[in-house]
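Top line first, the protein sequences correspond to chains W and A. According to this note's numbering, the residues represented by the first sequence are 1 to 385, in order. According to this note's numbering, the residues represented by the second sequence are 386 to 769, in order.
No lab work stands behind these hints: they were computed from the structure. Every value quoted in this text rests on a predicted model; they were computed, and no experiment measured them. Idealized CB from N, CA, C, for every residue including glycine. Treat each hint with caution, since some may be false.
[Unchecked claim] Residues from chain W that face chain A, not an exhaustive set, calculated with beta carbons under 7 Å: (1) M1; (2) D2; (3) T193; (4) G195; (5) V268; (6) A292; (7) M317; (8) L376; (9) Q378; (10) P380; (11) A381; (12) A384.
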Amino acid sequence: MDFRFTDDQLAMRDVVRDFCNEEIAPKAAWRDETHSFEDDLIAKLGSLGLFGTYVPEAYGGSGQDYITYVMTVEELSRACGATGILVSAHHSLCVDPILHFGTEEQKHKYLPKLSSGEWIGCFSLTEPGSGSDAGAARCTAKETGEGWVINGTKNFVTNGREAHVIVLFAVTDPTSKHRMSAFIVEKDTPGCTLGKLETKLGIKASSTAELIFENCVVPHDALLGERGRGLNVALATLDGGRIGVAAQAVGISQAALDFAVDYANTRVQFNQPIGRFQAIQWKLADMATNLAAARTLMYRAAWLKQNKQPYGPEAAMAKLFASEMSNRVTDAAIQVYGGYGYCADYPAERLMRDARITELYEGTSEIQRLVIARKLTQEPAWAAR
Amino acid sequence: MDFELPEEVAAFRDTVRKFAAERIRPHSRQWDRDQTLPDELVTELGQLGLMGLLTPEEYGGSKHPEHGYLLNAVVMEELARQDGGVALLVAAHNGLCLSHLNLAGSEEQKKKYLPKLASGEWVGAWGLTEPASGSDAAALETRAVRDGDGWRLTGHKMFITNGARARVYVVMAKTEPEKGPKGISAFIVEREDEGFVVGAKEDKLGIRASDTVPLDLDNVYCGPEDLVGEYNKGYADALRVLERGRIGIGALSLGLARGCLEESIAYANGRIAFGKPIAAQQAIQFMLADMATELEASRLLVWDAARSLDLGEDARQKASIAKLFASEMATRAGLKAIQIHGGYGYTKDMPVERYMRDAKLCEIGEGSSEVQRILIARHLLEAK
Chain W
1 MDFRFTDDQL AMRDVVRDFC NEEIAPKAAW RDETHSFEDD LIAKLGSLGL FGTYVPEAYG
61 GSGQDYITYV MTVEELSRAC GATGILVSAH HSLCVDPILH FGTEEQKHKY LPKLSSGEWI
121 GCFSLTEPGS GSDAGAARCT AKETGEGWVI NGTKNFVTNG REAHVIVLFA VTDPTSKHRM
181 SAFIVEKDTP GCTLGKLETK LGIKASSTAE LIFENCVVPH DALLGERGRG LNVALATLDG
241 GRIGVAAQAV GISQAALDFA VDYANTRVQF NQPIGRFQAI QWKLADMATN LAAARTLMYR
301 AAWLKQNKQP YGPEAAMAKL FASEMSNRVT DAAIQVYGGY GYCADYPAER LMRDARITEL
361 YEGTSEIQRL VIARKLTQEP AWAAR
Chain A
386 MDFELPEEVA AFRDTVRKFA AERIRPHSRQ WDRDQTLPDE LVTELGQLGL MGLLTPEEYG
446 GSKHPEHGYL LNAVVMEELA RQDGGVALLV AAHNGLCLSH LNLAGSEEQK KKYLPKLASG
506 EWVGAWGLTE PASGSDAAAL ETRAVRDGDG WRLTGHKMFI TNGARARVYV VMAKTEPEKG
566 PKGISAFIVE REDEGFVVGA KEDKLGIRAS DTVPLDLDNV YCGPEDLVGE YNKGYADALR
626 VLERGRIGIG ALSLGLARGC LEESIAYANG RIAFGKPIAA QQAIQFMLAD MATELEASRL
686 LVWDAARSLD LGEDARQKAS IAKLFASEMA TRAGLKAIQI HGGYGYTKDM PVERYMRDAK
746 LCEIGEGSSE VQRILIARHL LEAK
């Protein structure tokens, strides 16, 4: 048992931190304001290998371990929550299912360009009428002589604007118990169009897109995993994605704590730094404590995944706790800042807006609780490990 | 990173879990009601090796000193899973009394006291708190006045865990009151010392199987061989002891919360309402999910802090964070468990109301939640 990072992981963390201090953090407010990423951001992230962190070198990746990847998402999110999810959604929701369910051909075709950042990936499961109830999706893929013909509308696709590669879920066998299948679709395929981009509360630079499929034909070998096993692909993928979202929440919260501590040390009221007041100390202590709890849950889940052990409920716990924690912690940061915290001149309000999404995407808090409770009630012995 | 318990720790956990289920569980309700613990149980705890977990093998202690604090954390959880009082007896003995002797005791003191303490033949206690000084521990008023080579101790100690049962006490007293915290020293007092009187047990909300007593010292003589650690360094050592003890209380909280969770799952699966087990209701599921999530986080925090100590790292911040989070978590778990059990949870036929009462102590003993928050905030603000 060892809770420490390895030397390699620490070295990578230094590299990512330096990069974040120079390139990511200074433009976080600008990204939020303009709802966009600067033109060269993706290239810079790609040059550091941050789009294929744990993809094996044989497929063009950086070949690092999964914990390093999660640590990377935490650090990026500490500097900018939107950049964090750009990298996290790309890895967790597109690279990961291709890595786990893809054929050799698919891996060789997609992973090198995804890992370099030449192509960005996204994941498209949600539809206007199916969110938590993902199995109720209506987008269809019909098999014909020329391939699969896809029709339907998807929404809330993170990275939809930047992505070239879509891991798409569509109904292939409407009457079967196994009605959905997964596909790898390239966005420039005729019949696939980028629809509305959402205007959001937070993570404004990150795109949240509608994707419209109108008789979009993809080849037979675009099928990812077995036909009819789409929901399994989706759920297994989301298990991993939850660790990434937890890392995003932890990173955002660490930033909130950093800023709040600095402010508490420098802001003078009643002739002393406000950090001397227990009212402020209590907030800081609770922020740090809850942050530590979330971080350890997150790395535990990451370690399980890295070691190929079952990790679904642990990832749900990490995501549930980290996301709710990040909302409390960023709210407390605003309170420490007082009126300034409510103003965009200071980062606290952006952090709070960014944190809010983590309770929603890749499974709401409510879905996480159902996942955890199902495990507890069906396997009581698991609770007594 | 590696989140797996070492094999020998996991094996020992299983042994203690079985012992606790067989030897503690059937009696916990009665011990709680009567505020007693049979001496034979302490003997058995000693035979299992639980009274010397943090003591090196050369003094009759653990065979796995490299995992001392982790092993201690795991044992605390397993004992508290059935009875918080039994766990606190072991926690105060190991985490406070023996920890202080291990940390600061002389070779002679270790040889004289540790083997009998580690075997469980003697029980140890630790005296810092006084009627008028709890969180503000340095304000203690017990005096140690020079008498030849030794000292005469006079004062009152309060809330002393194991005080009624102990043979050996490590007691903090002011050797040079004008120096404040830097004028406090630690002394070994034995039960039969002249002028030393053990008071009546407190009638407590929870942790009732564990005794809590006041101690009166009236001119109790301590020779130079009874000074523990350096002269006037007693308070500094006490703070380090508390850092270690905190991890034990955090771990004790884990056991209580796990008891709440396990009992609640069993009840929710078996209790039928509206034609189905209440476990099928989201209202119940959500409580279980929150209990389990917070418990998991607490356990990792406690283990992380314990591992840090085993590695010889500075674990103060980790220990405070673990203790604060785990103890408050356990009380929440207790309240939720009662809620899940409904009216039955409010009765003593079910153990969860006891776990809730036991948990409350963890927010108070060995540094209240408020003290932990002060320490955590200070660390954050000063690290900048």
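So, going through the hints one by one against the coordinates:
no. : hint : result
1   : M1   : holds (6 Å)
2   : D2   : holds (4 Å)
3   : T193 : violated (38 Å)
4   : G195 : violated (34 Å)
5   : V268 : violated (14 Å)
6   : A292 : holds (5 Å)
7   : M317 : holds (4 Å)
8   : L376 : holds (5 Å)
9   : Q378 : violated (9 Å)
10  : P380 : holds (5 Å)
11  : A381 : violated (9 Å)
12  : A384 : holds (5 Å)
Hints 3, 4, 5, 9, 11, counting from the list given before, are not met by this structure.
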